[in-house]
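Novice: Sequence:
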Amino acid sequence: MAQALYRKWRSQTFDQVVGQEHVITTLRNALRDNRVAHAYLFAGPRGTGKTSIARILAKALNCTAPEGDRPCDRCPTFVAITEGRMLDLIEIDAASNNSVDDIRDLRDKVNFRPSEGRFKVYIIDEVHMLSISAFNALLKTLEEPPPHARFMLATTEPHKIPATILSRCQRFDLRRIAVPEIVNHLRHIAQEEGFGAEEEALTAIARGAQGCMRDAISLLDQMLSYGNETVTFQQVQQALGAVSAQAVGELVDALAERNVAAGLTLIQQLMVEGASLTEFCHQVVEHLRHVMVLQMTGERSFLAEL
Numbered sequence: 001m002a003q004a005l006y007r008k009w010r011s012q013t014f015d016q017v018v019g020q021e022h023v024i025t026t027l028r029n030a031l032r033d034n035r036v037a038h039a040y041l042f043a044g045p046r047g048t049g050k051t052s053i054a055r056i057l058a059k060a061l062n063c064t065a066p067e068g069d070r071p072c073d074r075c076p077t078f079v080a081i082t083e084g085r086m087l088d089l090i091e092i093d094a095a096s097n098n099s100v101d102d103i104r105d106l107r108d109k110v111n112f113r114p115s116e117g118r119f120k121v122y123i124i125d126e127v128h129m130l131s132i133s134a135f136n137a138l139l140k141t142l143e144e145p146p147p148h149a150r151f152m153l154a155t156t157e158p159h160k161i162p163a164t165i166l167s168r169c170q171r172f173d174l175r176r177i178a179v180p181e182i183v184n185h186l187r188h189i190a191q192e193e194g195f196g197a198e199e200e201a202l203t204a205i206a207r208g209a210q211g212c213m214r215d216a217i218s219l220l221d222q223m224l225s226y227g228n229e230t231v232t233f234q235q236v237q238q239a240l241g242a243v244s245a246q247a248v249g250e251l252v253d254a255l256a257e258r259n260v261a262a263g264l265t266l267i268q269q270l271m272v273e274g275a276s277l278t279e280f281c282h283q284v285v286e287h288l289r290h291v292m293v294l295q296m297t298g299e300r301s302f303l304a305e306l
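Following our numbering from start to finish, the sequence shown increments by one per residue and tops out at 306.
Just so you know, the hints here were simulated from the structure itself, not pulled from any lab data.
The model shown is predicted, which means the values in this text are computed figures rather than measured ones.
A hint or two may mislead.
[Said to hold, decoys possible] Below 25 angstroms or equal to it, Euclidean Cα-Cα: the simulated SDA-like pairs (lysine to any residue) are:
(1) K140 to E257
(2) K160 to Q210
(3) K109 to T51
[What the hints assert, rightly or not] Quick list of simulated restraints, FRET-style, between CB atoms:
(4) E199 to E116: 41 to 47 angstroms
(5) L255 to E143: 52 to 58 angstroms
(6) K8 to T278: 41 to 47 angstroms
(7) E200 to F112: 53 to 59 angstroms
(8) L294 to I267: 50 to 56 angstroms
(9) L166 to E229: 26 to 32 angstroms
All C-beta atoms in this analysis are idealised placements derived from N, C-alpha and C, irrespective of residue type, glycine included.
My request is simple: use the sequences and hints to build the entire structure.
Specialist: Structural data, given as structure tokens:
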């Protein structure tokens with residue numbers, strides 16, 4: 001069975017992480033200066049690299065032959081973490097292990113020294129799903145962990161995490177990835193995988209992903225199922241349920257002219273054709289935003305960054 005592209009192209013080193021330079025630079029400096037915190041919180045939208053960065057940091061902490069501020073990519077520890085068989089890297093899905101008993105079990109085992117690496121690293125994904133009792137049970141361990149333990153928490157909803165937990169972590173907020181950065185990464189994947197892709201198609205995928213690299217790569221993978229050697233803009237439009245620029249323009253014109261009948265007729269026609277009205281709304285908003293930017297700046301170059 002073929003491996004999904006988003007898994008195959010998951011970032012394995014700091015250099016491969018896209019669009020989170022503010023996080024990577026800080027972590028590299030911490031590694032270089034030996035100032036790595038005992039607990040980190042990575043917060044941000046889905047598919048922006050939270051868990052991947054946590055794993056890469058775990059590699060750097062346990063690397064036996066680090067090259068400055070980055071893991072070596074070759075040592076047994078690095079390979080073991082990449083292959084998912086490192087005993088000292090414990091990944092916990094808080095969505096399904098959210099009880100106080102689960103955290104008490106973690107608390108009892110954290111005192112055992114690592115069996116392979118220098119540090120025992122706990123990655124707790126979707127940490128906001130822990131119960132209040134579980135958070136309370138984690139407090140003391142998170143504040144004063146054993147010297148050989150490091151905690152890395154990841155969440156899409158940091159506002160649900162108690163302040164007592166937040167204050168014990170060094171927090172990084174990951175950003176949605178810009179469209180040009182996603183396009184560049186998708187182009188690189190296409191070249192390495194040996195298939196073609198229209199530039200307009202890659203841009204449409206990047207915009208449809210709304211800042212989520214994982215969604216963008218998954219959609220690119222889906223496009224390959226069409227069986228063609230080249231991913232086309234038309235294929236992407238069909239997959240997203242998007243409509244033509246002409247239809248967007250017609251609705252905007254109808255709105256400007258306050259022509260309700262024309263607008264409703266167009267929407268009904270799009271529904272009959274199976275278009276996604278949600279995607280259509282996104283396209284209309286994007287079109288109006290572009291018009292506003294052009295009116296204010298007169299520069300088309302700004303549109304590439306939106």
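Novice: All hints, please: hold or fail.
Specialist: Checked hints:
1. With a C-alpha separation of about 63 angstroms, the suggested pairing of K140 with E257 is violated against the 25 angstroms cut-off.
2. Of the pairs offered as hints, the one joining K160 and Q210 holds, with about 23 angstroms between alpha carbons and a cut-off of 25 angstroms not exceeded.
3. Between K109 and T51 the alpha-carbon distance is near 22 angstroms, which keeps this suggested pair within the 25 angstroms criterion.
4. For the pair E199 and E116, the beta carbons lie near 45 angstroms from each other, so the given range of 41 to 47 angstroms is met.
5. Checking the proposed 52 to 58 angstroms range against L255 and E143 shows it holds: the Cβ atoms sit about 56 angstroms from each other.
6. For K8 paired with T278, a C-beta distance near 29 angstroms fails the hint of 41 to 47 angstroms.
7. One distance hint, 53 to 59 angstroms for the beta-carbon pair E200 and F112, holds here, with the actual separation near 55 angstroms.
8. The given range of 50 to 56 angstroms is broken by L294 and I267, whose C-beta atoms sit roughly 25 angstroms from each other.
9. About 49 angstroms separates the C-beta atoms of L166 and E229, a value inconsistent with the hinted range of 26 to 32 angstroms.
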